[in-house]
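Trainee: Here are the chains, one letter per residue:
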Amino acid sequence: MRPIDHAEASSHFIEAKAHLEFHDRRLWDLRMKRDRQAHGIPEWEELRNLASAIKEHTLSHLDEYLEQFEAQARKNGAHVHWARDAGEHNQVVYDILSAHGAKTLVKSKSMLTEECDMRPYLEKRDIEVIETDLGERIQQLDDEPPSHIVVPAVHKLRGDVSQVFARTIGSEPGNNDVHYLAEAMRRNTRPYFLKAEAGMTGANFAVAENGSFVVCTNEGNADLSANVPKLHIACIGIEKIIPKLEHLAVFIRMLSRSALGSPITQYTSHFHAPRPGTELHIVLVDNGRSQRLGMKDFWYSLKCIRCGACMNTCPVYRRSGGLSYGATYSGPIGIIIDPAFDLRKYSTLPYASTLNGSCTNVCPVKINIHEQIYKWRQVMAERNQLPLVKKEAIRVIGKVMSEPRLYRAAISAAGLAFEHLPRFAIYNWLNPWGRQREVPEPPKQSFRSWYIENRRPR
Amino acid sequence: MSSRDSILAAVRANKPATSPVPAVPLFERASRPLLDQFQEALVSMGGKLAPHSVGDVDTLLRSLFPDACVICSATSELRGTLPLDGATEPAALADVDVGVVRAAFGVAETGSVWLSEEELKVNALAYLTQHLLVLLDPTQIVGNLHEAYRDERFRSARYAVLVTGPSATADIEGVLVHGAQGVRSLTVAMVPRPAASRAT
Amino acid sequence: MRVGLFVPCYIDAFFPEVGIATLQLLERLGIDVIYPLDQTCCGQPMANSGCQKDAAGAEALFVRNFQDFESIVTPSGSCAHHVREHLDAIPQTPEVERVRRGTCELVEFLHDVVKADAFPWAEFPHKVGLHNTCTTLRKLRTAKSSEIDEPEFSKPLDLLRKVRGIEFVTPSRPDECCGFGGTFSVFEEPVSAKMGYDKVEDHHRAGAEYIVSADMSCLMHQKGCAARLGLDLRFIHIAQILNGSRA
Numbered sequence: 015m016r017p018i019d020h021a022e023a024s025s026h027f028i029e030a031k032a033h034l035e036f037h038d039r040r041l042w043d044l045r046m047k048r049d050r051q052a053h054g055i056p057e058w059e060e061l062r063n064l065a066s067a068i069k070e071h072t073l074s075h076l077d078e079y080l081e082q083f084e085a086q087a088r089k090n091g092a093h094v095h096w097a098r099d100a101g102e103h104n105q106v107v108y109d110i111l112s113a114h115g116a117k118t119l120v121k122s123k124s125m126l127t128e129e130c131d132m133r134p135y136l137e138k139r140d141i142e143v144i145e146t147d148l149g150e151r152i153q154q155l156d157d158e159p160p161s162h163i164v165v166p167a168v169h170k171l172r173g174d175v176s177q178v179f180a181r182t183i184g185s186e187p188g189n190n191d192v193h194y195l196a197e198a199m200r201r202n203t204r205p206y207f208l209k210a211e212a213g214m215t216g217a218n219f220a221v222a223e224n225g226s227f228v229v230c231t232n233e234g235n236a237d238l239s240a241n242v243p244k245l246h247i248a249c250i251g252i253e254k255i256i257p258k259l260e261h262l263a264v265f266i267r268m269l270s271r272s273a274l275g276s277p278i279t280q281y282t283s284h285f286h287a288p289r290p291g292t293e294l295h296i297v298l299v300d301n302g303r304s305q306r307l308g309m310k311d312f313w314y315s316l317k318c319i320r321c322g323a324c325m326n327t328c329p330v331y332r333r334s335g336g337l338s339y340g341a342t343y344s345g346p347i348g349i350i351i352d353p354a355f356d357l358r359k360y361s362t363l364p365y366a367s368t369l370n371g372s373c374t375n376v377c378p379v380k381i382n383i384h385e386q387i388y389k390w391r392q393v394m395a396e397r398n399q400l401p402l403v404k405k406e407a408i409r410v411i412g413k414v415m416s417e418p419r420l421y422r423a424a425i426s427a428a429g430l431a432f433e434h435l436p437r438f439a440i441y442n443w444l445n446p447w448g449r450q451r452e453v454p455e456p457p458k459q460s461f462r463s464w465y466i467e468n469r470r471p472r
Numbered sequence: 062m063s064s065r066d067s068i069l070a071a072v073r074a075n076k077p078a079t080s081p082v083p084a085v086p087l088f089e090r091a092s093r094p095l096l097d098q099f100q101e102a103l104v105s106m107g108g109k110l111a112p113h114s115v116g117d118v119d120t121l122l123r124s125l126f127p128d129a130c131v132i133c134s135a136t137s138e139l140r141g142t143l144p145l146d147g148a149t150e151p152a153a154l155a156d157v158d159v160g161v162v163r164a165a166f167g168v169a170e171t172g173s174v175w176l177s178e179e180e181l182k183v184n185a186l187a188y189l190t191q192h193l194l195v196l197l198d199p200t201q202i203v204g205n206l207h208e209a210y211r212d213e214r215f216r217s218a219r220y221a222v223l224v225t226g227p228s229a230t231a232d233i234e235g236v237l238v239h240g241a242q243g244v245r246s247l248t249v250a251m252v253p254r255p256a257a258s259r260a261t
Numbered sequence: 057m058r059v060g061l062f063v064p065c066y067i068d069a070f071f072p073e074v075g076i077a078t079l080q081l082l083e084r085l086g087i088d089v090i091y092p093l094d095q096t097c098c099g100q101p102m103a104n105s106g107c108q109k110d111a112a113g114a115e116a117l118f119v120r121n122f123q124d125f126e127s128i129v130t131p132s133g134s135c136a137h138h139v140r141e142h143l144d145a146i147p148q149t150p151e152v153e154r155v156r157r158g159t160c161e162l163v164e165f166l167h168d169v170v171k172a173d174a175f176p177w178a179e180f181p182h183k184v185g186l187h188n189t190c191t192t193l194r195k196l197r198t199a200k201s202s203e204i205d206e207p208e209f210s211k212p213l214d215l216l217r218k219v220r221g222i223e224f225v226t227p228s229r230p231d232e233c234c235g236f237g238g239t240f241s242v243f244e245e246p247v248s249a250k251m252g253y254d255k256v257e258d259h260h261r262a263g264a265e266y267i268v269s270a271d272m273s274c275l276m277h278q279k280g281c282a283a284r285l286g287l288d289l290r291f292i293h294i295a296q297i298l299n300g301s302r303a
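Chains as they are written, first to last, in our numbering: chain H, 15 to 472; chain P, 62 to 261; chain E, 57 to 303.
I should point out that these hints are in silico values taken from the structure, not numbers from a laboratory. Cβ atoms here follow ideal geometry from the backbone N, Cα and C, with glycine treated the same way. Check each hint, because a few of them may be wrong.
Only part of the chain E face toward chain H is listed, based on derived beta-carbon distances under 8 Å [unchecked claim]:
id, residue
1, D94
2, S105
3, G106
4, L117
5, H167
6, P176
7, W177
8, F240
9, H277
10, A283
Heads up, simulated DSS-like pairs for lysine-lysine below, C-alpha to C-alpha not over 27 Å straight-line [stated by the list, open to error]:
id, chain 1, residue 1, chain 2, residue 2
11, P, K76, P, K182
12, H, K413, H, K389
13, H, K244, H, K89
14, P, K182, H, K209
15, H, K31, H, K47
16, E, K183, H, K389
17, H, K413, E, K109
18, E, K211, E, K183
19, P, K76, H, K380
20, E, K109, H, K359
21, P, K182, H, K89
22, E, K200, H, K47
23, H, K380, H, K405
24, E, K200, H, K380
25, P, K182, H, K47
26, H, K380, E, K218
27, H, K389, P, K76
28, H, K310, E, K109
29, P, K76, H, K258
30, H, K117, H, K310
31, H, K380, H, K413
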């Protein structure tokens, strides 16, 4: 199985000029909005420190907080299930649904369920699953994964959405008006909310102190999914736990400001106990998180609150799109999480980065993303995951740079080459640098030879 | 070994060295009047402010929503056309034009109003109705979210939501649309809590 | 004061004028500059690819060349950063630690150590776009980065403002990465070139005649992009301006 070829995927993304231009501009705009919010709160950097410290503390006591959460949730009347991996998660969800005779499931956005590939699993077992977040629904109808964890269809233009809707929900072909399209989806989804036997949400945060969890949306689709059907299933990654209600304030203040540049999402919903006459089932999911917890250089990635700010600021992400990473989690956070899922498949992702560090600066929980990307490169080299061409090139350069005479010979050879070779010999398929850039001109002499002529100590 | 036990065992084996939990300040700021901040934040999030009126809630509603047919109220201050109590099925609210609720309190920092099953009677009212009218006592506004999360009602409520403006999405080409799945509009009217219920 | 001068391989090979300007500038400021003749590379290209084993030889050679200097100065932010933060493919002897600690990027050195407050020989009557490289900006922290909520500061601007005639223009995305990223420029060429094109077009639209930076590697990439685009932009290292280049 070949590793993801991010560079190849990105070249196609870049060729679609109108899409690229919108994608880059839209996400940069979110980054600018985030900056305005951040600079508008004098305590912003202090909040980042607090958020990071709360998460690190929690992860260092994760077993205790998980047990506390479970005990409290049970006291509140919720059922609590545990799933070791994606397969178990899907099985648990299916068992709950079939025990209740549920054939239709409305759900709000949950990256965890994407990670577990839940939808195809349920659909194969005759359960109809309706994504209710607009971006997720667009992607579901187009049989494509979401490209961004907060704005799942950001890589599409209105014409694309119009085509998808005309093909699948009977909207007017050729009608690209955004308000029309959104209204068409509202009317299409509403009957599902009213008749579905079960609703599913993820959770942004789970509070150990009182066994409650929080779901943040702008559409209100999580609240509809959870408050209309009589069965509510909440799938929660074990790293979502925070200790107390008062800690929520720190995270809620930072989440939407980081994600979309608004002070809060339109709906911040706290689920504490099931409505009378209904059932609440919580599924706590590991799926590699406990393993990542033990990785000395990479456990900080578990602090992530899924705001997407790193994607918005990443210049590589904005010009290649989330789908080019070939994983549920893309962009900077994806680069440091995905190799833990599949080292070989994602061995190229740590190199889809210039290590510029902007992601680390915008992360509300201060994950040292670019440093972890650097560390993953060391893992890839140690575990022999580099492509042969690259490995060899690095080996040769390393050898040349470790011996002064070899180095000097290479420098003069390069100078001669650039000076004497015809253009076609320098600019061809062997030389990626030269595809869209000019190579530097060779100078008359190297610095070293100038120094020897002009300064060499007698 | 059950999944629960194996997950907890893995966590215990792998968890990093202990680090302390920080104390979270309240970040209180006595700057501008809370009401002004609240109103500004609400409007910037797409919410509307009802004009200040001396009439009763019924008159207010008629003036804001003259064409509304089905009105459902969760507060005793107004009787709607559709009765509502804790036993009402959520789906029965599918045709409500205007829902009326009284928020427990507001948050100035964000322009949010706090609602729970107490204030909503049926949670789905806040989402199935086309428009929501929220009554808020102007003296019941806290400064920021740190203060909000200290409210004891978070602990007693089964369901609590901070609602900020109407339902919204910008998932199609970044264009802002109100009324994505939930309410098309949210209007807050600054109406003091009636004397009888102020004892709570 | 005596410093060892480290001139990265690509400056040695392609932009010797930057090394020359650095040396002359330090000498004008009364510093005794020595260039160890057997230097090659700091190890960054290999280390940034994760190949610690392949970086070890260059790193050890670097330490051998500079072990007799209290201060090592280099006109390259990325090399200075690598030495200070990442030169760990070799055993960390007291010698290695000393060399690492003593390595300084040119702007840092001029601003913090020499505290240069005048460049009377310098004049640069042109419209200039300052490119703060990601390494100098976010890692060496020589200026405020736009993501962080903190007071404005900029060591390169402090130095450049002392140059007669210089006029600054600001692009719309002042500190977005230009897309060089070392081997990224070759192995992720499509995105790298697009980022470079966007960067130079942004500076061009802002009215820049010159783009100046503390890292010649970024400038090499931007220059290549601008040349292919046919943009009338010139590229110059901060050492050259401070040393008195008029163009």
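Trainee: Does each hint fit the structure? Answer for all of them.
Mentor: Structure-based check of each hint:
no.: 1; hint: D94; result: 4 Å, holds
no.: 2; hint: S105; result: 5 Å, holds
no.: 3; hint: G106; result: 3 Å, holds
no.: 4; hint: L117; result: 6 Å, holds
no.: 5; hint: H167; result: 21 Å, violated
no.: 6; hint: P176; result: 23 Å, violated
no.: 7; hint: W177; result: 18 Å, violated
no.: 8; hint: F240; result: 5 Å, holds
no.: 9; hint: H277; result: 7 Å, holds
no.: 10; hint: A283; result: 4 Å, holds
no.: 11; hint: K76/P <-> K182/P; result: 43 Å, violated
no.: 12; hint: K413/H <-> K389/H; result: 22 Å, holds
no.: 13; hint: K244/H <-> K89/H; result: 19 Å, holds
no.: 14; hint: K182/P <-> K209/H; result: 21 Å, holds
no.: 15; hint: K31/H <-> K47/H; result: 24 Å, holds
no.: 16; hint: K183/E <-> K389/H; result: 40 Å, violated
no.: 17; hint: K413/H <-> K109/E; result: 10 Å, holds
no.: 18; hint: K211/E <-> K183/E; result: 19 Å, holds
no.: 19; hint: K76/P <-> K380/H; result: 19 Å, holds
no.: 20; hint: K109/E <-> K359/H; result: 24 Å, holds
no.: 21; hint: K182/P <-> K89/H; result: 23 Å, holds
no.: 22; hint: K200/E <-> K47/H; result: 18 Å, holds
no.: 23; hint: K380/H <-> K405/H; result: 32 Å, violated
no.: 24; hint: K200/E <-> K380/H; result: 17 Å, holds
no.: 25; hint: K182/P <-> K47/H; result: 37 Å, violated
no.: 26; hint: K380/H <-> K218/E; result: 36 Å, violated
no.: 27; hint: K389/H <-> K76/P; result: 20 Å, holds
no.: 28; hint: K310/H <-> K109/E; result: 21 Å, holds
no.: 29; hint: K76/P <-> K258/H; result: 20 Å, holds
no.: 30; hint: K117/H <-> K310/H; result: 44 Å, violated
no.: 31; hint: K380/H <-> K413/H; result: 37 Å, violated
Comparing the model with each earlier hint shows violations of hints 5, 6, 7, 11, 16, 23, 25, 26, 30 and 31; every other hint is respected.
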